[in-house]
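J.: If you want the building blocks of each chain, they are given just below.
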Amino acid sequence: MEFNIYDLSSFTAWIDRSLNNAMSPGWATAIELLIIGLVFLMVYALAGLFLIYAERKVCAFMQNRLGPNRLGPYGIFQTIADMFKLLFNEIIPIRNSDKILFNLAPYIVIVASFLTMGAIPFAKGLHAIDLNIGIFYIIAISSMSVVGVLLAGWSSNNKYSLIGAMRSGAQIVSYELSVGLSVITLVVLAGTMQLSEIVEAQRWGWFLFTGHIPAFIAFIIFLVASTAEINRGPFDLAEAESELTAGFHTEYSGIKFAFFFLAEFINMFIVSSIAVTIFLGGWMPFHVYGWDGFNKVMDFFPPVLWYLGKTAVIIWVIMWLKWTFPRLRIDQLLKLEWKYLLPINLVNLLMMAFVVLMGWHW
Amino acid sequence: MSSVTQYFKEIFSGVWSLLKGMALTGRYFFSPGEIVTQKYPDNRKTLKMYDRFKGEVIMPHNYKNEHKCTGCGICELNCPNGTIEVIPLQIVTEDGKKQRVIDKHIYHLGMCTFCGLCVKVCPSQALAFSQKFEHAVFDRSKLTKVLNQPGSKLMKGVE
Chain A
1246 MEFNIYDLSS FTAWIDRSLN NAMSPGWATA IELLIIGLVF LMVYALAGLF
1296 LIYAERKVCA FMQNRLGPNR LGPYGIFQTI ADMFKLLFNE IIPIRNSDKI
1346 LFNLAPYIVI VASFLTMGAI PFAKGLHAID LNIGIFYIIA ISSMSVVGVL
1396 LAGWSSNNKY SLIGAMRSGA QIVSYELSVG LSVITLVVLA GTMQLSEIVE
1446 AQRWGWFLFT GHIPAFIAFI IFLVASTAEI NRGPFDLAEA ESELTAGFHT
1496 EYSGIKFAFF FLAEFINMFI VSSIAVTIFL GGWMPFHVYG WDGFNKVMDF
1546 FPPVLWYLGK TAVIIWVIMW LKWTFPRLRI DQLLKLEWKY LLPINLVNLL
1596 MMAFVVLMGW HW
Chain B
4 MSSVTQYFKE IFSGVWSLLK GMALTGRYFF SPGEIVTQKY PDNRKTLKMY
54 DRFKGEVIMP HNYKNEHKCT GCGICELNCP NGTIEVIPLQ IVTEDGKKQR
104 VIDKHIYHLG MCTFCGLCVK VCPSQALAFS QKFEHAVFDR SKLTKVLNQP
154 GSKLMKGVE
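Line order of the protein sequences matches chains A and B.
All you need for my numbering is the position in the first sequence, starting with 1, plus 1245.
All you need for my numbering is the position in the second sequence, starting with 1, plus 3.
Okay, chain B solo, but in the shape it has when bound (with noise of 0.2 Å):
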């Protein structure tokens, strides 16, 4: 007896299954709302990234020309495959106090994985992703980026 209830019971359950599969890709038949696919070329003015989209990284600057890092290399030390080169450059402050600044914060682009670990080990914040992805150019040397602005200063406050 129960090998009877249990054939008809796996029929149902296996014809409710399936049902309930329909039913989605239904859904989604009848929902032309729900397309994700974007036109690329064509929406190229409106394409807006996610947040969280990883497309290289940069070092923000303020309004003052200021970043937020402080050379001290752990972004270098995190990368797995050595894109990020930091050179630092000893300064003497006002106050006459010796102080590591950088003097360059180059960044491989050609060789980055964007794993993120050098955005997520900074301790100051100082690297975030940028949403641009349009990467391609004609020269491999212009994949070599250093990513402090010319004449930038280290924030007031970071240390």
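Bound-form chain A, shown alone (with noise of 0.2 Å):
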């Protein structure tokens, strides 16, 4: 067994050799794929957990509270609790509610956040599926849990979810511009859309810095037209609890309530990592071209770890933006997106693709 931790492609490579030599290749790949899938599972419940319970912590300390103490040591085990309790919720059937759609949409919603998790490379060597058109397939597919919101809202038969989704609706066609230019302008200056490569090319200097200004601008768009996709804080006006109750997610209980809770906060893991991937180098650890002393002290810390603390800081981020910033007005709402978001990012990108055909960038 080859087991590396700065580098797990051997390891996987491995696991493929081993299985077919012991079955015929048909079984082997049916077997990796139960592994991937069992294994993002596990990832999917456990990040889940621990960024509710992180939610509840930042939250917490940022309006000067405590948050959970109560079970287990600083009430980690809270959550766990808590996550009992909604799966021994009674799930309430609503009368008159188009069934179908009731129960497909937070599957939906699910789902889409799942598929977006496999593009994601989490090390080197540790990447479920590396298409090269890897950017384009995670847009594509993460604006696909818009179609669960709005049959959510549309199959309650309440009129507080249709608003919610109608929110949604409109919010997440408005929001997908930004996210999809501001992406679209780092993709011109890495020069690829598979995502592998992307961090591959910033081995000498994550493109949050060797972007110059318009890395620096498409970031921060990013990271505030992420935030609405995702239905957060400030722009969580989908939920909006003082208004719409709950939003789409009003006539939900149990485990159907809990997909929803869920997803939403898996979809905050995976725009922070794209985000992560994107602008700050994805798994590769901080280098300074010339100080190898200093590379050989970054390069120690394993790239697992390196991903992970960065996506815990711009997690951290979008939790500090919820939590500081009151929720926008619809027509707010959309003013911030196509009055200003949507003309400073085509300008940026025109700036980008100025520095790159200048040859500004490295």
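In short, the hints are calculated from the structure, not lab data.
Careful, some of the hints might be misleading.
As the list claims (entries may be wrong) - Which stretches of chain B does chain A cover? Using the computed rule of at least three CB atoms under 8 Å from a CB of chain A, they are:
hint, stretch
1, 20-28
2, 57-68
What the hints assert, rightly or not - Calculated cross-link-like contacts (lysine-lysine; reagent style BS3-like; alpha-carbon spacing at most 27 Å):
hint, chain 1, residue 1, chain 2, residue 2
3, A, Lys-1580, B, Lys-12
4, A, Lys-1567, B, Lys-23
5, A, Lys-1330, B, Lys-42
6, B, Lys-12, A, Lys-1584
7, B, Lys-12, A, Lys-1567
8, B, Lys-148, B, Lys-51
For clarity, every value in this text was computed on a predicted model and none was experimentally measured.
Just so you know, even glycine gets a beta-carbon here, dropped at the ideal spot from N, CA and C.
Taking the hints as your guide, dock the two standalone chains into a single complex.
T.: Below is the structure:
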């Protein structure tokens, strides 16, 4: 067994080889798919639980509170208890709801976030599927979750759900543009859509630093627009507890509500992962060209740690945004996108193209 | 031209005000000393309430078991929901004068809204708020309290 924490491709290759030696190629592929699915399911559940705990703690500290502190040291078992509570909750069937769509909606939301996770490079060699149009795939798949939200709102037979879903539709249609354009800005810089190559291109400097001002503006716009896209505060008017009770998931209970809840947190994780991959070098350690000793020290930390650390920082920033700003009104939301973010983004794309054309990036 | 400058001005002033808010919450996040949550049942021994906290109305007595209440009844008149009942008593002092003192100053804690009017209007500062806040009892009649201690007298010099 060849296990090297710095380059996991030999480890995955070893699994592939031993499976192919033991059985026919068809079965080997099937078992590999099963392993990857199980690993992702576990990551999904664990990351969800951890993120909910982290959210509650971060929120509490930003409001000068303590947060969960009763169950276990520092309340670390609180989310596990909450999960069991949600699992045991009764699933209430809604009269006059559209049964098929009502039951389908949570799965669409969760499948969309699940599919996106497959294309994220977690570490060197730890990458389920390395498409040559990885970024395109991620943008396409992640916008699928709005279908689930719209279905949930429509099929609930509840006016609040419908209003929440319509708001969410308007919001995602608008902000998808900004996310896409800010990512395209970076694709112009990288010259490729393949996520592994984008990470490799940042070996001697993350794009946030080598891309000059356009990359920085694109980073800010990406953070704002993706916060809106995952329906998180201050853009959470699809849920808007104070106006729409719970928006599109008002009528959901038990495990189906948990699916929406979990998907929201995992989407935050995915968005942070994408931000890390295209702006902050993914799993690539921090290198400075010429400082060999410094680079050696940075290389000492395994790529998985680099990836997780950067993702945690971005997640913390997104939580910081949520717990600082008040919720936008729907007209303010659309004004922000169409009058500010989109024009700035288009000019920014031109600027980046100019920078690349002049060869100023490195 | 002015609308263009207005546009950019709006962007920068907006970003600036957002950053100010983020600076505040960021400071809170990194300063755990400012946390206001009290782990109440755990720190019951050391918990100290603020001076201005309105726990319940009391009548302070000095070491000679004397209070300042003249029995004028202004607190009873001012109480919005009949929480206070002053039962006066006519006594004759040593030099033969008639004097009005209190027999009982009854306080119904169960009806009190802690508005503080009685404490505010008392002309001789006979009433005050204590900082005790654990008022739960098993019998409602225990919420009716007599504020003047048995055998207490009016303080000398208070009219």
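J.: All hints, please: hold or fail.
T.: Comparing the hints with the structure gives:
Restraint check on the stretch 20-28 of chain B versus chain A: 5 residues with Cβ-Cβ distances below 8 Å, three needed, restraint holds. Proximity of the stretch 57-68 of chain B to chain A, defined as three or more residues with a beta carbon under 8 Å from a beta carbon of that chain, is not established by the 0 residues found. For the given pair, Lys-1580 of chain A sits about 16 Å from Lys-12 of chain B by alpha-carbon distance, which is consistent with the 27 Å threshold. At most 27 Å may separate the alpha-carbon atoms for a hinted pair to count; Lys-1567 of chain A and Lys-23 of chain B meet this at roughly 15 Å.
For the suggested pair Lys-1330 of chain A and Lys-42 of chain B, the alpha carbons sit about 24 Å apart, so the restraint of at most 27 Å is met. This hinted pair checks out: Lys-12 of chain B and Lys-1584 of chain A have alpha carbons roughly 14 Å apart, not beyond 27 Å. Taking the CA atoms of Lys-12 of chain B and Lys-1567 of chain A, the gap is near 25 Å; set against the 27 Å cutoff, the hint holds. Note on Lys-148 of chain B and Lys-51 of chain B: the hinted pairing holds, with a Cα-Cα distance of about 24 Å set against a maximum of 27 Å.
Checked against the numbered hints above, the structure violates only hint 2.
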